[in-house]
Every structure is written in structure tokens, then in C-alpha cells.
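Peer 1: Sequence:
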Amino acid sequence: MPETKYKKDEDFNEWYNEIVELADLCDKRYPIKGMNVWRPYGWKLMNHVDRQIREEMEKTNHQEVYFPLLIPESLFKKEEEHIEGFGSEVYWITHAGTNELEERWLLRPTSETAMYPMFSIWIRSHADLPLKIFQIVNTFRYETKQTRAFIRVREIHFFEAHTCHVDFEDAEKQVKEDREIADRLLKKLCMPYIFCKRPEWDKFAGAFYTISIDVLMPSGRTLQLGSIHQYQDNFSKPYEISYETEGGEHNYCHQTTYGMSERILGALIGIHGDNKGLVMPPAVAPTQVVIIPIIFKGKEKEVLDACEILSKKLAEKNIKSHVDNRDISPGTKYYDWELKGVPLRIEIGPRDLDKKEIILVRRDTGEKKSVSQDASIETITVELDNISKSLYENAKKFLDENMHRVQSVEEAKNKKGIVELPWCGNDDCALEIENILDGNTLGEPIEDDEECKKYSCPMCGKPAETWMRFAKTY
RNA sequence: GGGCCCGUAGGGUAGCUUGGUCGAUCCUUUUAGCUUUGGGAGCUAGAGACUCCAGUUCAAAUCUGGGCGGGCCCA
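Residue numbers (my numbering): 281 to 754.
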């Protein structure tokens, strides 16, 4: 049974690199570090993820827009913390044609500073609020560290939603809705996750607070898939985004943003994949069912017809199937579609036709069974559902087994994955723990939890205010 | 910012120490034809590489210097 050269549970990072290449997701040979070419299958997968995001946006009344890639320096510099946070990783445009520009332009690292001057023009009255927009675009960040396909890149495929509200409370409602969106989306992708309220020193530049969406990769490192930010009026003041109330007063808006990136794809690869290749959750699999005709001389037509009929029936039930009638051996096709992560494979050959059966093979478990042709559609629907469930359950089990709530740094040291320690609220204590554990502070759980108050901070011994999570991160 | 390593077909490799036997090995890939098809089929005939520039030399994939590209470690 041919498998990847590197095994997922032995050398995850090498395995990941191998899979990305084998499955035709991206080409890292483009001669700029961290700027990879999206190959057809990778782009298709990303588009399927984006489609799910668009669906969620539609359901929650967000409008899709597209803002320019270039931002003038003067707009970028209106909010001080924001510049400090992003300044060092911005690409600058200094020349156009043969002229040096009077004012430099930058490639968006994120779009606040492009959008907000326009919001200021658009929003006049309380009736214009809430404003809820989003875009799916490429953003640029000059990474100096090691890059990794879909996980740390310089040109980032990025979803960003921006909202404006009448007051803090309404913005808080948006944060809640964003959390629900993340939950629905990641459930579809069969990915368990955690929300963390980022510590003060690590929140988004300019935000009032930041909630991160993190998943745990099989290597034991966490990967931040996205974040939800409450800006309060931190941006609306410098960008003058205000509205007139019913009473005729002028108030500043309260704003939120919600961003996620191509890291979702990185997580899908890492969390569900195995040594045979990708395993795609049915919700985002471009092909959910692949049908392999087993052809013998003289019976080609009969078999191919049966495949096409089944494919049509599946289409009627909105199940995406593909009949692979390439002139290569069936074994090759099996490996091919396993590598691509198609959740369910169906084999139809002359023997099956005689018995009025088809053969189903699950990608995740390899389980193989014959079912009667009459009941096939129902069985396929059920199987796809079962695959989703078991992908989620396995990933959830891994996450649960690798989240540890402990009281001392000593205990924390021996744990793989994410640890939660009682924390007094003092930055220095958390930073010291980071040092000892050689990891990063993820943040505190967003759910209220009184239990930690029983314990004390392992560094200074003062009473704990909250749990604080630490992990090695990507 | 400091240190280290690497560069041979699309991918993976051998050759480099000690220059000549290299008209560059093997696997994979790929083109055409025949034959096959229930887990990567076979045969025949083809295709495809020494990162670039300069130097040393009778002779450079191999030695020297530089450029470009890639990677790692430390701060």
C-alpha cells in the first residue's frame, strides 16, 4: 500500500509539505518567498471553503464589496496603534513608471485603512446602521520568518468582514453573531476549535479586544484560523465615522471586524489528512462521490451507462459526483482520488451489475461494502453524513486529549498541546511562563469560569483572575 | 542583526573528496503505438537536467570567487 514518504504521526511538518505537493494544491517554486501559485485543485478547495463563507455572510445580511489593493500612506497612518502593529510588515510602492511617487502607497495588509475613509462618507444617519460588509481578497504581509504553504505566506487569501454600529452594545451583538458564524462554518468543516480572548499585548493593532479562533494541529502546535475584533470607537474617531442620532446628536460608530484566511485550508489538510493524502469533509469536497467503472472488454457500455445513471441520480439529490472514465487502471484511480480526499468512492463492474449492487468505499476508514442499487442513494447520503460525523469526532477527541488544565508550570512543561494555567492578570507573569514553556500565550477562555479563582498564579502566587492558555503556535 | 547549509530533467537521486572513464546513474514523470483494466500493468520506440557569471586548467557537474534562488539555527 503506497503511502507518503513522511508519516503524519512521525514527522508532521515534512508530511504536510509532501501532501501539499502531491495533492496538487500549490506550487512553491514561484521565485518569491512566501508567494505560492495556487494550483487547480488547491484553488478549487479554497473556493469551496469561500462558498461556505459567502453562504454564512448572506444568511447574516452582510454585503460583499471589493476595495482597492493600494492604500495611500496618509490614510494608513491615521490610527497610531495600527501603524505600530503593521508598519514593519508592509510592502511599499514608491515608484510608478519612471516617476517617484509624491506619496507612497502600500499593499493592504488588511483593509481597515482603505475602507474607513469611505465609511465616513457613506454613513450619515442612524438609519444607515448597522453597516455590514465583507470581502474576500488577497492581502500582503512581509514575513521575514520561515514561510509554509497556506500557514505562513506573504500574499494571503483573506476573508474580512467589517461592521459599524450605533453603540458598543450593538457591536457586541455582532461579535456574538460572528462567533456563531465561526461555529457553524467550522462544524461543517468538521473542525473543533477554541475561542481565546487574546492578551492585551497580543491583540490586533488598534482593537479594544481580540478573540482568536484557534485549532490544534496534529504536531501539537496551535494554528490561528481567524479572529474577531471589537474596535469600540478606536478607529471611528481618527477616521471620523459618525452618524446623526434620532435626537440630532452626532455620535461615533462602534466597529467590529472578523477575519479568516487560507489557513483554514492548511487546517483541513493537517487535521483530517492521513498517509494516503487529503481527507475532505463532504461539505467542502469538490467531488463528494467518485464513481469508478471497472471495464472489461465487451462490457464497457453496460458498465459506463450504469455509472452515468447513478451520477445523474446523485445530482438530483445535490450530491456532487464524478465518473472517472480515464483509460488507466482502476488501482491508479483509487490512489488518485484517495490523495485528493474524495470522501466516498463507488466501484461498479460487471460482477456488481449481475448482482444489482454497487461497492462503496469510505475514504476516512477504508471500509468497503456492497449495497443494492435500489437503496444506493439513501445509503450514500447516510454514509456522507457518517463521514462528517466521524471526522469531527476524531478531531474533537484529539483536541480534548491535548488540552490540559494544570496548576503549576512544572506540570505544564510535560504536556503536549494546549495548557491552561491560573493567571493573576499581570503581563510579566504570563510572559515569564511563555519563556519557561517555550510557547506563546493564546489568551483566556471567553466563557466565565469561577473555578480558577480557587487557585493562585504559578509565578507570583497572587490569586488567579482567569485561566490563561499557552501553546506552541504556528 | 549574527552564524550555518544547500542548488544535477517536472519530482526524487548517483557522480563531486582525488578534474579526464560523463556522450551524466537509477526511480518517477512524459510522448506515440500495441496490449491491458476488481489496488499504482506490460512491451517497443522517443522526450527531458549539471542555477548563472567570471576564474584556474590541455580538460570543470567536480576546484576558486561572485551573483541569484532556497533552507536552517541563534538574537
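No lab work stands behind these hints: they were computed from the structure. You may find that some hints are simply not true.
As the list claims (entries may be wrong) - In silico EDC-like cross-links for lysine to aspartate or glutamate, where the CA-CA straight-line distance does not exceed 16 angstroms:
| id | residue 1 | residue 2 |
| --- | --- | --- |
| 1 | 412 | 480 |
| 2 | 308 | 298 |
| 3 | 308 | 330 |
| 4 | 288 | 298 |
| 5 | 581 | 665 |
| 6 | 288 | 644 |
| 7 | 467 | 298 |
| 8 | 581 | 634 |
| 9 | 577 | 607 |
Said to hold, decoys possible - Per label pair, the in silico range of CB-to-CB distance:
| id | residue 1 | residue 2 | range |
| --- | --- | --- | --- |
| 10 | 310 | 285 | 37 to 45 angstroms |
| 11 | 585 | 460 | 44 to 52 angstroms |
| 12 | 665 | 406 | 39 to 47 angstroms |
| 13 | 657 | 368 | 30 to 38 angstroms |
| 14 | 676 | 287 | 54 to 62 angstroms |
| 15 | 753 | 418 | 41 to 49 angstroms |
| 16 | 753 | 348 | 28 to 36 angstroms |
It should be emphasised that the depicted structure is a prediction, and the values quoted were computed from it without experimental measurement. For every residue, glycine included, the Cβ atom is placed at its ideal position computed from N, Cα and C.
Peer 1: Now tell me if each hint is right for this structure.
Peer 2: Hints and how they fare:
1. 412 to 480: 26 angstroms, violated
2. 308 to 298: Roughly 12 angstroms between the alpha carbons, so the hint for residue 308 and residue 298 holds.
3. 308 to 330: Between residue 308 and residue 330 the Cα gap is close to 22 angstroms, so the pair fails against 16 angstroms, i.e. violated.
4. 288 to 298: 10 angstroms, holds
5. 581 to 665: Violated, at roughly 32 angstroms.
6. 288 to 644: Given pair residue 288, residue 644 holds - Cα atoms ~15 angstroms apart, limit 16 angstroms.
7. 467 to 298: 27 angstroms, violated
8. 581 to 634: 14 angstroms, holds
9. 577 to 607: It holds: about 13 angstroms lies between the C-alpha atoms, which stays within 16 angstroms.
10. 310 to 285: 37 to 45 angstroms: 24 angstroms, violated
11. 585 to 460: 44 to 52 angstroms: 46 angstroms, holds
12. 665 to 406: 39 to 47 angstroms: The hint (39 to 47 angstroms, Cβ to Cβ) holds, given that residue 665 and residue 406 are roughly 45 angstroms apart.
13. 657 to 368: 30 to 38 angstroms: 56 angstroms, violated
14. 676 to 287: 54 to 62 angstroms: 23 angstroms, violated
15. 753 to 418: 41 to 49 angstroms: Violated - the Cβ-Cβ distance for residue 753 and residue 418, about 23 angstroms, lies outside 41 to 49 angstroms.
16. 753 to 348: 28 to 36 angstroms: 32 angstroms, holds
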